[in-house]
Every structure is written in C-alpha cells, then in structure tokens.
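Colleague: Kindly generate the complete structure, drawing on both the sequences and the hints.
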Amino acid sequence: MIDYKKKLATLSLQTKSIFSGHPIAIAGLIGFVIFVLIALLAPWIAPQNPYDLKVLDIMDGLLPPLSKLGNGTTSWLGTDAVGRDILSAVMYGLRLSLFVAFVATTVGFLIGVFLGLLAAVKGGWVESVIMRAVDLKVSFPGILLALMMLAIFGTGVDKIIYALIIGVWASKARLTRSSALSEMQKEYIDAARISAIPNWRIMLKFLLPNSIAPVLVMVPMSLSGCIGAEATLSFLGVGVPITEPSLGLLIANGNDYLLSGKWWISLFPGLVLVSLVLCINVVADRIREHNNPFLKSMNMQ
Amino acid sequence: MIKYILKRLWHSGILAIVMSLIVFFGLYVVGDPVEMLSDDEFTEQDKIELAIELGLDKPLFEQYFTYAGGMLQGDFGTSFVHNRPVLDLIMERLPATIEISLLAMIIGLAIGIPLGIFSGIKNNSRASKIISFFTTVGYSTPNFWQAIILIMVFAVFLQWLPASGRGLTNSMFGIEWAWLSLNGLQHMALPAINLAIYKICMQQRLAKSGTQEILYQEYMTFARAKGISRNRIIRRHLLRNILIPIVTITGLEVGGLIAFSTVTETIFSWPGIGKLLLDSIHMIDRPVVVAYLILITMMFVFINFVVDVMYAFLDPRIRHQK
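Same order as they appear, the protein sequences are chains A and B.
Take the first sequence: its position 207, counting from 1, is numbered 312 in the numbering used here, and each next residue is one higher.
Take the second sequence: its position 57, counting from 1, is numbered 146 in the numbering used here, and each next residue is one higher.
Mimicking DSSO-like on lysine-lysine, the simulated pairs with C-alpha atoms at most 27 Å apart in a straight line are:
1) Lys96(B) to Lys242(A)
2) Lys227(A) to Lys96(B)
3) Lys310(A) to Lys110(A)
4) Lys242(A) to Lys92(B)
5) Lys121(A) to Lys218(B)
Only part of the chain B face toward chain A is listed, based on derived beta-carbon distances under 10 Å:
6) Thr225
7) Ile238
8) Ala252
9) Ile356
10) Leu367
Derived from the structure by calculation, the hints contain no laboratory data.
Just so it is clear, CB atoms sit at the ideal spot from N, CA and C, and this is done for glycine as well.
Modeller: Take a look at the structure:
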C-alpha cells in the first residue's frame, strides 16, 4: 500500500525547498492563487453579471473608471460600449480564460502521458505511429496549428479547447516516452514481465508513478502557454464567442476605442492577463531551475 | 549519407502529402463556396452551373487530384473574394512578411545575444537579475498586448511612429520593398519591434544558459590559466561555442517568425501573408486559406528536411543510425 501521509509529507517538504529563499517565486504563487480564487468566486463577488443583457444599460456605455452608473453603484474600472462593468467583465473573463487553459492542459497532459507510456511499453509499429505523429506536431508552430483547426471547425469555447489540446499533448508524449524507456531498463520491470503482469498494469502501476516527475515540471509552462494562446486567438476573433468574452476578447473589444482615448476597456483586462501569465511563469522557472541539477550545482559555485 | 538523405526525402514527401490531404479535406467542410459567390438573384440552375464551373460537382478525391495536379504546376486556384489567382496574391504579399521577419530577427540577435552573454558571465550581479526579470516579463506578455502598448505609447501619445500600413515602397529586382525609404522604415519600426521583443527575450535566455554551461567547462578554466585575456576568451572560446545552438534554433525559428507574424501583421495592418490568412479565414475565402496552409506546411517540411540533413552532416552518429 502507498503511505499517503508519508507522500504528503515529502511533497510539502519539496514545496518548501522549491520556494524558500525565492521571494519572486513565492509572490508568483500567491498571485496565482488569488487569481484562481477570483475566478472561482466571480459570480458572487463581481458587481454585476456581465453576460446578463438585462442588467446592462446602454446609457452607462463608455464611462471612465470611478464613475457612477445609472443604478447608483460605482464602476471602479469604467464600462465598455454596451455598458458592461469592466471589473465584472474582467472577473468573468478571467474565469473563462482559466477554465479553458485548465481543461486544455489537463486533457492534453493525460493524452500525452498515456500515448508516451503506450509507446514505451508496446514498441514496434504502435511506437512508430505515435512518435511520427509527435514529430509531425512538434515541427509546426502551435499558433498556426490552432488557426488551422479553428478554420476547419469554426469557433467556440469547445473548439478552442480542442485546438489547445492539439498544441499540448505532443511534447509530453515525447518526454514521457523517453522517461519511461529509461525506467524500462530497470530490473523490476523485467521481473514484472516475467511474472506475466499485463502491460496495462505495468504502465499504470510501475511506469506511471516512476516516470511522471519530469513531465509534471512542464505543467505550469503549458498552463501559461494555453492562457496566452487562448487570449491571442480570441483577440484575433477566432476564439471564444462575442457573448462570453475572455480576457483576450475584452482586449480586442477595447482596441477599437483606444485611438479615441478610451484606454480603460483594454488596459485592465490586459494587465490582469499579463500578471496572470507572469505569476505562473516565475513559478514555472523556479520549478524548472529546482529540477535541473546542472543549474543547481552551478549556482553553488 | 546518400541513403540517409533519400530516406529523409521519402519521409518528407509522405509528410507533405499527408498534410496537404488533412488541409484539403479538413477545409472542405467549411462553408459552401456556391452560397458565398451567389447572391439573391441566383436561381437554382445558376447555382448548379456555378458548382460545375468550380468543379464542386465531382467526387472529393477527384477534386483533390485536380487540385494537387494544378498545385504542381503552380496553380493554387482562384480567390473567391479577390477573384485573382491565389499564388499571385500570396507572392505579392510575401516580400512584406519577409522584410518584417528578417528585420525582427536581426534586432533580436543583435540585442539578445550580447545581453545573454553579459547576464551569463555576471550571473549574480544586480544588472543581470534586472535583465533576466525583464526578459521573463517580455516572454510572458502576449504578442498582441505588446503591440497595443507600442501603438498607445509611440503612435498615440508620443506620435513618433505610424501605427498601421506599409508606407511608401520602392522597387528592387522588380519587387516592392518598404525598407528602401525612410517612410517605409518608419512604418516597419513598430511591427518589427513587436516581433523582435519575443526574439530578444528568447535569445537572451538561450545565450545565458549557453554561456553558463560553457563557462565551467575545463577548456575555459585552462584558457584562463594560460593567461589569455578576457576579451579573447569571450570571443574565441565562449562566443563560438554558444553560437552552435543559437544558429540551429534561429534557423528553425525563421519559419516560426513567418507564422507568428499573423498576429503582428493583423494589428499593424501590415499587408503581408499573415494578414491575408486571417482576412481569408474571416471571409471564408477557402482557396486562399487552403493554399496558404499547404504552402506554409511545405515550407516547414522543407526546413525540417534541411535541418535533419545538416545534423547528419555535423554529427556522424545520426548518419549511421539504422
């Protein structure tokens, strides 16, 4: 049996050694947690529901930050052209952006890890087909593949998640395979094979727990990559639908008003987007540095 | 060696065919060109005639072979929106994308590599930490957001540089270029900087980690022990060694830059092929989208082929692989 208490203790010890003495990484982690909380609680803490057309008043349109709305409340960050409160829109947009990125990253990882393990265990033509597909994917820039996908399937929240998954899985499959292959050389796998333990059990019970660590290091990087890619595609108008703006689409909406001096519509969603990605990236950098023994030994010199 | 090249060529050919099939059949499901081209006055008979004229009445596979056959002769079909051969449209806009991508690449290398070497050598200095922080911010900031900020600052508030269009172009070798005139260069400045920021950040990180790796190699210690001057060590031992990975990645990234210019070109209304692609996606101009994606795919297949062959040239282990 796996001792979960012991596992948890090592995990918290690891977290401590990653973050202690690195104030920027700690700040990034705290910032990320705050963003996630805002996204989760948006329906309860946002001043209005920006998707509910009934509460929007066109008379409130294009008000600068700190102005009073028709119903007597204050709009801290101003309103957009249809009278949507920017603060509420940013909270809901954050919710959508994070949701899309989380789902795409998780599914992309599951697919990538599964295919990587499968390639390592099965070998032969299964392995060549999977690795050829990985080569195919890796040799194209992600943004172009996503555009191609969205051109084929059309736009929408589900479509953009598919497009992002296509971007995520391949590098993870490659890494899982190489990690699992080096694990396969060990004697206990031979022992398991001789004992006629089925392949799927070897995959899940032995290879998965022992070869997943280097792949997990890539999670934060993929997450921030997905957030940026979704924002870019939505900004270009091939991402989420106009009725449910994510951060990227909010920026695109405000972009039309920038030249007439109405800066707040684009600025606030943009600042939230950049801070979110930055928070994740400083954590990702720190985790990568921590897991790279070469860099570590260098910093000691 | 020849056997290896032939094998790679075979792989590349299969890859090209598979990708062109995916693009062609994938995009076949998007929109009905007959509906797009016809207006209210079209009768059913007109529509059927139009479909026959476009070859849409034939089975899918036959359409693909007709298309592939035309493609090999340089005929990529005719744009629905512009009513001109697609290849002409793309070739007309290609120089704009090439000049902006090359300028961005040059800026990225010229600023990124020195910054990276500096922060690699002086790893623990304050200046190095500040540089590394800024490059982290730089690559964390989505390209389109940087573009908006650049427009706000340099075009709206300071009014130093134009925010859209290509400006005056001059002809060289029968091709129109913007970089030959001051006005054109001014128009190039913001989009090129926009594309270059990401490059600068990537090159800085690459050069930094490369420098740190090489700094502790034995031959560096030996060179220092011999009493070779600092500048000479940096020039002869450090720079030459970190350039190998940088050259490889830069070569691969040329294709990436052209793909990425889609975003930048759209925001700055730069009339290159990236903007053409996005406009065509929005207007469901299928022949242009199909041709662009197939051409770009072929370009990547070609680049990958060249890189593979070059690796084999440099590394005998790959050459003799089974």
